[in-house]
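**Q** Chain G: place on chain F using the hints.
Number of protein chains: 2
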Amino acid sequence: MKFNKILLVGYNGNELDDAYWKRIDALTKEKAFIPADDSKLNDQLKHADAVLVKLGGKVSKEMIDSAPNLKYIGMLGTGFGGIDVGYASSKKITICNIADYATEGVAEFTFGVILNYLRELERGKNQAKDGDYSEATFTGTEIKGKNFGVIGLGNIGKRTAALAQVFGAKVSYWSKNKKEGFEYQEIENLLKTSDIITLNLALTQDTKGFLNKERLQLIKKGALLVNPSPMELVDVDALMVRLKQGNISFILDHSDEMTEEQLAKLKSFENCVVYPPIAYTTKEATQLKKGIFVGNLENFLKGKPTNKVN
Amino acid sequence: MKFNKILLVGYNGNELDDAYWKRIDALTKEKAFIPADDSKLNDQLKHADAVLVKLGGKVSKEMIDSAPNLKYIGMLGTGFGGIDVGYASSKKITICNIADYATEGVAEFTFGVILNYLRELERGKNQAKDGDYSEATFTGTEIKGKNFGVIGLGNIGKRTAALAQVFGAKVSYWSKNKKEGFEYQEIENLLKTSDIITLNLALTQDTKGFLNKERLQLIKKGALLVNPSPMELVDVDALMVRLKQGNISFILDHSDEMTEEQLAKLKSFENCVVYPPIAYTTKEATQLKKGIFVGNLENFLKGKPTNKVN
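If you're matching them up, the sequences are chains F and G in order.
According to my numbering, the first sequence holds residues 1 to 310 in order.
According to my numbering, the second sequence holds residues 1001 to 1310 in order.
One chain only, chain F, in its complex shape:
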């Protein structure tokens, strides 16, 4: 069995290596690329039975209505907030994403930025570059012994918690549903008592703005908060108020969701570090992601869909 037409919305062809494109070509009679804002999108959707979007890509009710043959929506990424899942489900359309491809990459990034911060590695390197090899002003602290709070205990949260525990931190977590393996804390207590906090929630309608004004104000003085997840989880204006008080530090690697103005303001705080979204972009994760993306298409055609989210 093959698709009649796979429509790739917002892709330019550089997303995959040739070998993967060949595997996709073998699955369909026709393959077409179209920009997300192209006026011919609805026309192109008419004959598509598979639509592939990228992270942040939208598949609206209107688009689904324009594609009467649609049976598969694929994501090159994890978050599917742009897809009208309820409406797609009502039309028996299968939605597959890519989960758990970057668990290690994100967890390793998290400890990289934590240690970088705790030990002032950049200042050390620059000072040595300038010919000053004195350690006198370096009084970093250790992860060992710290209260380490993980918000959200999915794959990445769980892996982060496990590594923190091995580093010797006292780990606790908050999650909507209690889970095995780590100490549960009410979110208010976690925020009040943790020295290091990582935000590992998936973005949904429920979690949008999760770190709101009230919760941001609860964070312990001197705490470090690391967010390798979408910034929609955080009320950015309220974060700036808390950063201005000067007694927490915040590290993030997602910038897509913010305006240039917000980013410029965040970066003006000495206690806020902004990275490009590089937590997910290890070589290993990127390879894994491409393989799962194509595998999802293949498995759907075999009648055994993988990574189905609806």
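Calculated from the structure, these hints are not laboratory results.
Built from N, CA and C at the ideal position, the CB exists for glycine as well.
Since no wrong hints were added, every one of them can be taken at face value.
Taking CB as the label site, the calculated pair distances span:
1) F:Tyr184 / G:Val1085: 49 to 55 angstroms
2) F:Gly222 / G:Glu1180: 38 to 44 angstroms
3) G:Lys1283 / F:Ser268: 27 to 33 angstroms
**A** For chain G alone, kept in the frame of chain F given last:
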């Protein structure tokens, strides 16, 4: 029982907090400070029954001969390479150092600099500072799956190996004596096959220049070598030859043992990162160190010396 005179060679009084100095004052009738190169050193040694030196401090045969009452030599640090241990032992002088105070600090530093390197955290931060949030050029790799070779399986080596294993690396070690818990490899094989190598040997006459020309040439192309131990373990000129070949990276945090010229040359290599000696200087390690230093003196007087090295 008390000391008659504790002589502190090379100390200025800022090394300890008041509370620790008070504990030392309680242990001796007299306490004196003297610079290591002071011409009155031999005079001052005459009545000293305890001599305290800092890391790198020397206690020569001549000094020992100038101190007929000497019964205790204390180190504010681990490495006692500057002390004539054989001669001191022949005079029944007890030498105590401070071991195992910075195991966590050094191991955490090691993973901080490894992750900083693998993920290009500094470039990421600077790029974002300049307003460019693209992740396109970031293709970092993960610790997971890497061959991770630990040279020397003392406290720090063992802790480093344990953490690497939890990160998912394939860990092996070389040590003079085989030990339990990790896979042993001949040093040649370890150097040839490891993607990441940490040098965790204690500096002794046997290990001086351990990473010599031949061994440096064996290191796998593309490998990262981290040395949080004294640079006397490495033939620095041969290291420069290997760095010039451009196919390994080297990170170090010990500069004391090198000339300004050597340091300037090392820093000129893009694939060599020099930090000030900050692996050992966490708040936690520093507190522990001071406590052990004073505790060693107290325990010696009680007839139960701790951390005796001879």
